Amino acid sequence: MSNSKPDIFFDGENQDLWLLSKILISAVKKLLAQKGDIYLSQDPIVYEKEIVPFAGRMRIDGLEKFGARTIVSAISFYMDKGHMDSQRALGALVVYIPEDYIARFMWLLGYGRIDEDDEAEILDSCGTAANLIAGFFVKELSSFGYIHLEMSHFETFINSSINGIDFSPAEVVKHEMAFFIRGDKRLVMELTMGRLQSY
Amino acid sequence: MKILIVDDSLLDRKLLSRSLTNAGVKNEILQAENGEAALGIIAQHMDEICLMFCDYQMPNMSGIELMEGLVSVPATARIPIIMITASANEESKQAAYAVNPNLAGYIVKPYKPEEILAAMKPYVQF
Numbered sequence: 001m002s003n004s005k006p007d008i009f010f011d012g013e014n015q016d017l018w019l020l021s022k023i024l025i026s027a028v029k030k031l032l033a034q035k036g037d038i039y040l041s042q043d044p045i046v047y048e049k050e051i052v053p054f055a056g057r058m059r060i061d062g063l064e065k066f067g068a069r070t071i072v073s074a075i076s077f078y079m080d081k082g083h084m085d086s087q088r089a090l091g092a093l094v095v096y097i098p099e100d101y102i103a104r105f106m107w108l109l110g111y112g113r114i115d116e117d118d119e120a121e122i123l124d125s126c127g128t129a130a131n132l133i134a135g136f137f138v139k140e141l142s143s144f145g146y147i148h149l150e151m152s153h154f155e156t157f158i159n160s161s162i163n164g165i166d167f168s169p170a171e172v173v174k175h176e177m178a179f180f181i182r183g184d185k186r187l188v189m190e191l192t193m194g195r196l197q198s199y
Numbered sequence: 001m002k003i004l005i006v007d008d009s010l011l012d013r014k015l016l017s018r019s020l021t022n023a024g025v026k027n028e029i030l031q032a033e034n035g036e037a038a039l040g041i042i043a044q045h046m047d048e049i050c051l052m053f054c055d056y057q058m059p060n061m062s063g064i065e066l067m068e069g070l071v072s073v074p075a076t077a078r079i080p081i082i083m084i085t086a087s088a089n090e091e092s093k094q095a096a097y098a099v100n101p102n103l104a105g106y107i108v109k110p111y112k113p114e115e116i117l118a119a120m121k122p123y124v125q126f
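Chains as they are written, first to last, in my numbering: chain A, 1 to 199; chain B, 1 to 126.
Next comes chain A alone, as it looks inside the complex (with noise of 0.2 Å):
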């Protein structure tokens, strides 16, 4: 993946989102390697699809990801913290983990034994594995030259958000990728963006 630092001073959509999905995938196969020691069996596809918004917010379903039942967590990226308190997000990242594999991708990534009958237990691994994915994901955009987001608490639900997520209403389409793990399909993630700009 090239460095260089791309123009992307333009109105409407985010048309970069492509290289901003690309970023999270670096990002997230350095997380898993400097965590876990994970290796991923293949390189995640990207696929382009519709955001499905409700009452401003954006949709999320985790039911169709893995057919069985899934934990989800957001965060928000804001451009800054005024945009944060007035809830202006910038984009969106969605992390899907199905609920069998949570304990021990928890295990794999150093947290030790997870009690998986504890539902808050459940619930909260998948959102700190959200923040830490956002957060190794707002640091490799300031290594490609873009500006520093601030990111919001992570919200966990399961299967899916009635009321949704917060996102920049400018955006129409949002990235999804899975990522598998000794041959199986273990993370999907869906990221959102609004323009954003570069230093």
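Watch out, some of these pointers could steer you wrong.
Taking lysine-lysine and the DSSO-like style, the derived pairs with C-alpha atoms no more than 27 Å apart in a straight line are [claimed, not checked]: (1) B/K112 / A/K30; (2) B/K93 / A/K30; (3) B/K14 / A/K35; (4) A/K29 / B/K112; (5) B/K121 / A/K81; (6) B/K93 / A/K22.
Some but not every residue of chain A turned toward chain B, in silico, with C-beta under 10 Å [claimed, not checked]: (7) L31; (8) G112; (9) I133; (10) H148.
Here are the in silico distance ranges between beta carbons for each label pair [to be verified]: (11) A/R104 / B/E48: 38 to 44 Å; (12) A/I162 / B/N60: 17 to 23 Å; (13) B/E115 / A/A33: 17 to 23 Å.
Hints are computed from structural coordinates only; laboratory data are not their basis. Since the structure is predicted, the reported quantities are computational estimates derived from the model, not experimental observations. All C-beta atoms in this analysis are idealised placements derived from N, C-alpha and C, irrespective of residue type, glycine included.
With the hints as your guide, set chain B onto chain A.
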């Protein structure tokens, strides 16, 4: 003397607590899942808290906001604070030190236990 961990992630609180215990830290470890809970604990144990670990991103009251409140009050300004965050950006770090120039440490997740121990060494006896 007691150590306070403030983090909305249950797993991160458990991980840090375990790291401290495994390192031989004998202090009682208190935990708070958000800023409001942390303030309640601090009010109750103010003179006994020798060190506080604080997450950056938390709902309702961020770690920065919590820290801002604590440093503005002389009685709590003396508590050393180590900030722990998933955000590795320089801007976040500068914001933390701007609020608290005496910040005892700024550690990025995922951290190695050695980083935690090195940061807390001046404040805790092993």
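Here is how each hint holds up against the structure:
{"no.": "1", "hint": "B/K112 / A/K30", "result": "holds, 15 Å"}
{"no.": "2", "hint": "B/K93 / A/K30", "result": "holds, 21 Å"}
{"no.": "3", "hint": "B/K14 / A/K35", "result": "holds, 17 Å"}
{"no.": "4", "hint": "A/K29 / B/K112", "result": "holds, 18 Å"}
{"no.": "5", "hint": "B/K121 / A/K81", "result": "violated, 33 Å"}
{"no.": "6", "hint": "B/K93 / A/K22", "result": "holds, 26 Å"}
{"no.": "7", "hint": "L31", "result": "holds, 8 Å"}
{"no.": "8", "hint": "G112", "result": "holds, 7 Å"}
{"no.": "9", "hint": "I133", "result": "holds, 9 Å"}
{"no.": "10", "hint": "H148", "result": "holds, 4 Å"}
{"no.": "11", "hint": "A/R104 / B/E48: 38 to 44 Å", "result": "holds, 39 Å"}
{"no.": "12", "hint": "A/I162 / B/N60: 17 to 23 Å", "result": "holds, 21 Å"}
{"no.": "13", "hint": "B/E115 / A/A33: 17 to 23 Å", "result": "holds, 18 Å"}
Hint 5 alone, counting from the list given before, is not met by this structure.
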